[in-house]
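Peer 1: So the chains spell out like this:
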Amino acid sequence: MKKINIKINGKKLSCSPGKTIMEVAADNNFFIPSFCNHPDFLPKGNCRICVVEIKGWRKLATSCSTEIEEGMEIFTNTEKVKKARNLNIELIFAEHIEKCPTCIWNVHCSLLDLAERYKVEIKRFPDRKGKRKTYKFANAVEIDGTQCIDCRNCLDACSLLQNINYLELKGKGYNQEVVPVKTSCLFGEKKKVDCIYCGQCAVHCPVGAAQEQSQWEEVEKKLKDKNKIVVAQFAPSIRVSIGEEFGLPHGEVLTGQIIAGLKELGFNYVFDVNFGADVTTVVEAEELLERIKNKKTMPMMTSCCPAWVKYVEFYHPELIPNLTTARSPHVHNGGLIKTYWAEEKCINPKDLVVVSVMPCTAKKFEATRPELKVKGLFPVDNVLTTREFAWLLKKNNINLSKLKPSDLENPMGDYTGASVIYGGSGGVMESALRTAQSLACGKNKGSLCEAKLDFKDVRGLAGIKESVVSVAGKKLRVGVVNGIGHIEPIIDNLKKYDYIEVMACPGGCIGGGGQPIPTTNEIRQKRIDALYRLDKNKKIRRAHENLGLQKALKWLKGKGGLEHKLLHTTYKKRS
Amino acid sequence: MNILSKIKKAGLIGRGGACFPTAKKWEAVEKAKREKKYIVCNAAEGEPGVEKDGYILENFPERVIDGIKIALDFLKAERAFIYINHKYYKKFFGNLTKLIGDYPIEFFIKPIDSGYIGGEESSILNIIEGKRTEPRLRPPFPVFSGLWGYPTLINNVETFYNVSLVKSGEYKKNRFYTIKGDCLRNGVFCYPENWTIEKILKETNNYPKFSFFVQIGGEASGVILNSKQLKQPAGGAGSITVYSEEKQKAENLIGKWLDFFLNESCGKCTPCREGIYRLKEIVSSPSPDWHLFRELLDNLEETSFCGLGCAVPWPVKSYINNVLGDKPEKIFKNLDRKLFV
Chain B
1 MKKINIKING KKLSCSPGKT IMEVAADNNF FIPSFCNHPD FLPKGNCRIC
51 VVEIKGWRKL ATSCSTEIEE GMEIFTNTEK VKKARNLNIE LIFAEHIEKC
101 PTCIWNVHCS LLDLAERYKV EIKRFPDRKG KRKTYKFANA VEIDGTQCID
151 CRNCLDACSL LQNINYLELK GKGYNQEVVP VKTSCLFGEK KKVDCIYCGQ
201 CAVHCPVGAA QEQSQWEEVE KKLKDKNKIV VAQFAPSIRV SIGEEFGLPH
251 GEVLTGQIIA GLKELGFNYV FDVNFGADVT TVVEAEELLE RIKNKKTMPM
301 MTSCCPAWVK YVEFYHPELI PNLTTARSPH VHNGGLIKTY WAEEKCINPK
351 DLVVVSVMPC TAKKFEATRP ELKVKGLFPV DNVLTTREFA WLLKKNNINL
401 SKLKPSDLEN PMGDYTGASV IYGGSGGVME SALRTAQSLA CGKNKGSLCE
451 AKLDFKDVRG LAGIKESVVS VAGKKLRVGV VNGIGHIEPI IDNLKKYDYI
501 EVMACPGGCI GGGGQPIPTT NEIRQKRIDA LYRLDKNKKI RRAHENLGLQ
551 KALKWLKGKG GLEHKLLHTT YKKRS
Chain G
1 MNILSKIKKA GLIGRGGACF PTAKKWEAVE KAKREKKYIV CNAAEGEPGV
51 EKDGYILENF PERVIDGIKI ALDFLKAERA FIYINHKYYK KFFGNLTKLI
101 GDYPIEFFIK PIDSGYIGGE ESSILNIIEG KRTEPRLRPP FPVFSGLWGY
151 PTLINNVETF YNVSLVKSGE YKKNRFYTIK GDCLRNGVFC YPENWTIEKI
201 LKETNNYPKF SFFVQIGGEA SGVILNSKQL KQPAGGAGSI TVYSEEKQKA
251 ENLIGKWLDF FLNESCGKCT PCREGIYRLK EIVSSPSPDW HLFRELLDNL
301 EETSFCGLGC AVPWPVKSYI NNVLGDKPEK IFKNLDRKLF V
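Note that the protein sequences, when read in sequence, are chains B and G.
Position 31 of the first sequence, counting from 1, maps to 31 under my numbering, and the rest follow consecutively.
Position 15 of the second sequence, counting from 1, maps to 15 under my numbering, and the rest follow consecutively.
Be aware that one or more of the hints could be misleading.
Short derived list, chain G residues pointing at chain B, Cβ under 7 Å [what the hints assert, rightly or not]:
no., residue
1, SER265
2, TYR277
3, PHE305
Capping the alpha-carbon separation at 20 Å, the derived lysine to any residue pairs in SDA-like fashion look like this [as the list claims (entries may be wrong)]:
no., chain 1, residue 1, chain 2, residue 2
4, B, LYS55, G, GLU301
5, B, LYS182, G, PRO140
6, B, LYS82, G, ASP298
7, B, LYS19, G, PRO140
8, B, LYS59, G, ASP298
9, B, LYS123, G, VAL283
10, B, LYS190, G, SER287
11, B, LYS59, G, LEU137
12, B, LYS345, B, LEU377
13, G, LYS317, B, LYS228
14, B, LYS123, G, PRO288
15, G, LYS131, B, VAL181
16, G, LYS180, G, GLU301
17, B, LYS170, G, ARG132
18, G, LYS280, B, LYS19
19, B, LYS83, G, ARG294
20, B, LYS19, G, LEU165
21, B, LYS190, G, GLU129
22, B, LYS123, B, SER159
23, G, LYS131, B, LEU377
24, G, LYS31, G, PRO48
25, B, LYS170, G, PRO140
26, G, LYS6, G, ASN174
27, B, LYS228, B, ARG58
28, B, LYS191, G, PRO111
29, B, LYS83, G, LYS131
30, B, LYS82, G, ARG294
31, B, LYS222, B, LYS350
32, B, LYS80, G, GLU301
33, B, LYS83, G, GLU301
34, B, LYS123, G, ASP113
35, B, LYS190, G, VAL283
36, B, LYS123, G, SER287
37, B, LYS82, G, CYS310
38, G, LYS131, B, GLY173
39, B, LYS170, G, PRO111
40, B, LYS170, G, LYS131
In short, the hints are calculated from the structure, not lab data.
Glycine residues also receive a C-beta, built at the ideal position from the N, C-alpha and C atoms.
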């Protein structure tokens, strides 16, 4: 391909055509600030802080929306640029009411960073949004109008990316405000809409106006409570993402450091949700085989993504029978901690507090579903996002990257390669297929019986992935939806599938609404790659071969109704 | 010679205010190899103080419709929209409908709440497509990717009128001037495009005997000139508003402009949404920071998303420069004119 020759700040560069100035600058380590630009979206050109000077151009240009041209001479830091950029940053700062002391962004706030970098006056203009409302969506996500800087990334996330259309811009000019709506006009049709708590607004918000409803303060209190035994469990995906919060490369695996960090924070015991993921896989694979055998409702659909479950309950309650009844990994794990493990440790489950560290905002909502209660207790008491966990560590001056890796608690410490890949889109499907194929083969692993380990068709960042897999002599047509924005065409063609995995967030949990910011496709891919590396290096890569799990499930078998209660759940229509 | 060559030869420029060469737009849409093309006739006339499009629609509707039909035939466009404000629609739609005949020309009434920005060409595209009233990123320009992504020619009423004249060989480089304000004969007049403002005022018996200044090209975004600066043509949308120096108080005028822009800003970009709010805050304060005021104006001009935001400083800066004279601090505390030169 023909290269385009340009100069940035005097440095000659040869670049691929079609790129924007901002992209080329980033590729070549020239810093250009931005609030409203995100690689997931088309450039909007709203915030106007990415302005640059181009030789021969009458006016400054926004680098997010200006494509490079042959011979362009670009300057990123002239007096003219500085003046305009700094003033726009100051104007934006005055939209954002600082709540720094309790803001989990405090340690890496993009506004404060830019103020520091450019020495801008953060109080040049009086705050003007003091009376704006905070909109709360269940207990999961909130949009705080007093902090919003009108970049509109949340709108792009909710509409363009997720196609939920729950957020709209009300009013105009300085009065405009992002608000949730009850109905949305789509293609000339009025449709009821509701939040699915995916948190994509939050993970795309540059200033923490859209964010998780935090629980770290509550968790801090419980940690100090002498009468409680507080245990933590962490999701498969956060081990490959949390390093980013501590300046480590994308995809750095920090399993042992996370355990050590949680212990440093004062958690009495630490568990890995990977164990729970193996449980989920086994329950789900068995259900799949049973549905095939008894010709029950097909296609079967995964249910471990709580945003997807909320989507079904609200938008497509007719599909509730298609959802697997298997509980999600952290709920399985939490349930076992409060029964199996508590019994083993002679702990009264009522004294136990289970805190999940999740890549997800919707898990906060999921944890409060009353149908999940086991013996009157919620399996999970609190859910922290990856970002909240990182904030707690930083707040306590714990540098995760410097910690000596620690080990897990037994007897729920085993996990297989199948559980790790739960964190990426296609991973749940792949894990279930590994187990289903293998279980269906039974003991006669003859030449006719196929039991694969790698299902590469269902991996990756494509919006929709498809494959045909042979299970129990049947050709299973499987589909994977990577991001809820891609779901509708699949729902229109349900007959084409026997088994469908849906993850509401692009990339799956590694791209979850509670993950470190920024999250882009490049970063999603690096986190996913790390998960598959972990899987590949595991000796045992099928969930049902997890010995600790076999022991736990055997224990459950003798507990009568508890087994079903602890492994399965129910759903209900919501309106 | 085809119509494009004729337009080129006549040197037609757009009469919407931006003065873009008409032939360039037509050529781009004509060259585009796409299965559909659209035409929009902008009859929003949202700039206060400009009334010539209404005058043309009233007096020469056949020319306007003829111009749109010429464009439809020449560009082989699928459909043309007359994007028209509600007042004009009520007044002229009967007459225009008859003239349209069976040509694929339809009306699109400018939404009442779309305001000032609802007349800006890329916002018009959004409105017709049912999207939020605000400007689009350019490029892609509408001539390449306009309505529903198809090449779209957007011209002003007067431009289509001129196209019709060019076709029939009657174009004489005239244009329509709206004259308003503190003068005797308000109205719309047709004179050569190179006449000076002074000549037009004298010719229409509107040259004031009192001390005065004028605003050229609209009462919102138009530039202010004093009575010694009138030996130049009236550019933009060709309007001349006369202000009596005695009647028009500086603080009222600046306040009026800022209020107008504050209410009309769509909210998309920082310099316009936040900048105008702060400008208003500064002029309302007991000790205005004129240095910051000037910075905010420059920032609007330099970094606004659309042309309307870029135009906000024009009346304010030119008024301070051309009218307030050497002692503006008499009117505005601490105001240093040097800041605005």
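Peer 1: Evaluate each hint against the coordinates.
Peer 2: Okay, the hints, checked on the actual structure:
{"no.": "1", "hint": "SER265", "verdict": "holds (4 Å)"}
{"no.": "2", "hint": "TYR277", "verdict": "holds (5 Å)"}
{"no.": "3", "hint": "PHE305", "verdict": "holds (6 Å)"}
{"no.": "4", "hint": "B:LYS55 <-> G:GLU301", "verdict": "holds (18 Å)"}
{"no.": "5", "hint": "B:LYS182 <-> G:PRO140", "verdict": "violated (34 Å)"}
{"no.": "6", "hint": "B:LYS82 <-> G:ASP298", "verdict": "holds (13 Å)"}
{"no.": "7", "hint": "B:LYS19 <-> G:PRO140", "verdict": "holds (15 Å)"}
{"no.": "8", "hint": "B:LYS59 <-> G:ASP298", "verdict": "holds (11 Å)"}
{"no.": "9", "hint": "B:LYS123 <-> G:VAL283", "verdict": "holds (19 Å)"}
{"no.": "10", "hint": "B:LYS190 <-> G:SER287", "verdict": "violated (51 Å)"}
{"no.": "11", "hint": "B:LYS59 <-> G:LEU137", "verdict": "holds (15 Å)"}
{"no.": "12", "hint": "B:LYS345 <-> B:LEU377", "verdict": "holds (18 Å)"}
{"no.": "13", "hint": "G:LYS317 <-> B:LYS228", "verdict": "violated (68 Å)"}
{"no.": "14", "hint": "B:LYS123 <-> G:PRO288", "verdict": "holds (17 Å)"}
{"no.": "15", "hint": "G:LYS131 <-> B:VAL181", "verdict": "holds (17 Å)"}
{"no.": "16", "hint": "G:LYS180 <-> G:GLU301", "verdict": "violated (27 Å)"}
{"no.": "17", "hint": "B:LYS170 <-> G:ARG132", "verdict": "holds (10 Å)"}
{"no.": "18", "hint": "G:LYS280 <-> B:LYS19", "verdict": "violated (39 Å)"}
{"no.": "19", "hint": "B:LYS83 <-> G:ARG294", "verdict": "holds (12 Å)"}
{"no.": "20", "hint": "B:LYS19 <-> G:LEU165", "verdict": "violated (44 Å)"}
{"no.": "21", "hint": "B:LYS190 <-> G:GLU129", "verdict": "holds (17 Å)"}
{"no.": "22", "hint": "B:LYS123 <-> B:SER159", "verdict": "violated (33 Å)"}
{"no.": "23", "hint": "G:LYS131 <-> B:LEU377", "verdict": "violated (48 Å)"}
{"no.": "24", "hint": "G:LYS31 <-> G:PRO48", "verdict": "violated (35 Å)"}
{"no.": "25", "hint": "B:LYS170 <-> G:PRO140", "verdict": "violated (27 Å)"}
{"no.": "26", "hint": "G:LYS6 <-> G:ASN174", "verdict": "holds (16 Å)"}
{"no.": "27", "hint": "B:LYS228 <-> B:ARG58", "verdict": "violated (67 Å)"}
{"no.": "28", "hint": "B:LYS191 <-> G:PRO111", "verdict": "violated (23 Å)"}
{"no.": "29", "hint": "B:LYS83 <-> G:LYS131", "verdict": "violated (33 Å)"}
{"no.": "30", "hint": "B:LYS82 <-> G:ARG294", "verdict": "holds (16 Å)"}
{"no.": "31", "hint": "B:LYS222 <-> B:LYS350", "verdict": "holds (13 Å)"}
{"no.": "32", "hint": "B:LYS80 <-> G:GLU301", "verdict": "holds (12 Å)"}
{"no.": "33", "hint": "B:LYS83 <-> G:GLU301", "verdict": "holds (13 Å)"}
{"no.": "34", "hint": "B:LYS123 <-> G:ASP113", "verdict": "violated (34 Å)"}
{"no.": "35", "hint": "B:LYS190 <-> G:VAL283", "verdict": "violated (44 Å)"}
{"no.": "36", "hint": "B:LYS123 <-> G:SER287", "verdict": "holds (18 Å)"}
{"no.": "37", "hint": "B:LYS82 <-> G:CYS310", "verdict": "holds (19 Å)"}
{"no.": "38", "hint": "G:LYS131 <-> B:GLY173", "verdict": "holds (16 Å)"}
{"no.": "39", "hint": "B:LYS170 <-> G:PRO111", "verdict": "holds (17 Å)"}
{"no.": "40", "hint": "B:LYS170 <-> G:LYS131", "verdict": "holds (13 Å)"}
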